[in-house]
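Chains as they are written, first to last, in this note's numbering: chain A, 1 to 109; chain Y, 1 to 113.
Because the hints were derived from the structure by calculation, they are not lab data. Keep in mind the model is a prediction, meaning the values are calculated, not measured. Don't take each hint at face value.
To be verified - Example chain A residues on the side facing chain Y (calculated, C-beta under 8 Å, incomplete):
#1 N10
#2 S30
#3 A31
#4 G41
#5 I43
#6 T90
#7 Y95
#8 F99
#9 G100
A virtual CB, placed ideally from N, CA and C, is assigned to each residue, including glycine.
Here's the letter readout for the chains.
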Amino acid sequence: KNEVEQSPQNLTAQEGEFITINCSYSVGISALHWLQQHPGGGIVSLFMLSSGKKKHGRLIATINIQEKHSSLHITASHPRDSAVYICAVTTSGTYKYIFGTGTRLKVLA
Amino acid sequence: NAGVTQTPKFRILKIGQSMTLQCAQDMNHNYMYWYRQDPGMGLKLIYYSVGAGITDKGEVPNGYNVSRSTTEDFPLRLELAAPSQTSVYFCASSYSGPDYEQYFGPGTRLTVT
Chain A
1 KNEVEQSPQN LTAQEGEFIT INCSYSVGIS ALHWLQQHPG GGIVSLFMLS
51 SGKKKHGRLI ATINIQEKHS SLHITASHPR DSAVYICAVT TSGTYKYIFG
101 TGTRLKVLA
Chain Y
1 NAGVTQTPKF RILKIGQSMT LQCAQDMNHN YMYWYRQDPG MGLKLIYYSV
51 GAGITDKGEV PNGYNVSRST TEDFPLRLEL AAPSQTSVYF CASSYSGPDY
101 EQYFGPGTRL TVT
């Protein structure tokens, strides 16, 4: 079992829909990161969380440390949101990230 | 700022050949990382560096070597390329440890045949 699990693996939505991507982890963490990988391959950091909730534009990320779970929400989804969304955790006391395998999102116009 | 740059973008190697993937950052970041991304798999850490002259192995270091002679540059050396090294390679950097935002390069797609 992977230490970082994401669901769903694939998601297709209609433009305007509210989208939720989930991430569960099984290790002690110091922070959780959400990344976006564009269709061209580039990777961009969206959020870093150690508690609570962060919002940037139409993106909202939440984390529940006790339940070892994080969600990434996209409100009013748009075709340009189509990408792979990757959850990663940094484990306490190490320099390493552990990455999930990603959620491939396709938003249809 | 150019951010994190990687060269080349694409490369095809024959089995047994060697090459160096170049990575540079102009953000004065202390931490640099090399990852590989295989289809359907999460990114895997190959090597990382916490500063000039200091490097350490990640999860999948076999078949690779690194050096960090300057803050800016972190080249990855592949010796005796094997088909199992066919992958997309990403370099990344962060100001301090992994609890800081990572900035990724555009990637190098390597095929070993």
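* Asked: Against chain Y, with CB atoms and a cut of 8 Å, does the hint on T90/A hold up?
  -> At about 4 Å, which falls below the 8 Å cut-off, the nearest Cβ of chain Y leaves the hint on T90/A intact, so it holds.
* Tell me if I43/A is really an interface residue toward chain Y, meaning its C-beta lies closer than 8 Å to one of theirs. => Given a least distance of 4 Å, the restraint on I43/A holds.
* **Residue hint Y95/A, partner chain Y, criterion CB-CB below 8 Å** => holds, 6 Å
* To do: Grab the minimum C-beta distance from F99/A to chain Y and call the hint holds if it beats 8 Å, violated otherwise.
  => Holds. Min distance 4 Å.
* Asked: Would the stated hint for S30/A survive a check requiring a Cβ distance to chain Y of less than 8 Å?
  -> holds, 5 Å
* Asked: At a threshold of 8 Å, is the proposed contact between N10/A and chain Y supported by beta-carbon distances?
  -> violated, 11 Å
* **G41/A as chain Y interface residue, shortest Cβ-Cβ below 8 Å** => holds, 5 Å
* To do: Classify the hint on G100/A as holds or violated, based on whether any CB of chain Y lies nearer than 8 Å to its CB.
  => G100/A check passes; min Cβ-Cβ to chain Y is 6 Å, inside 8 Å.
* Asked: Measuring from the C-beta of A31/A to each C-beta in chain Y, is the shortest one below 8 Å?
  -> Constraint on A31/A satisfied, holds at 5 Å.
The structure fails hint 1 only (numbered hints given earlier).
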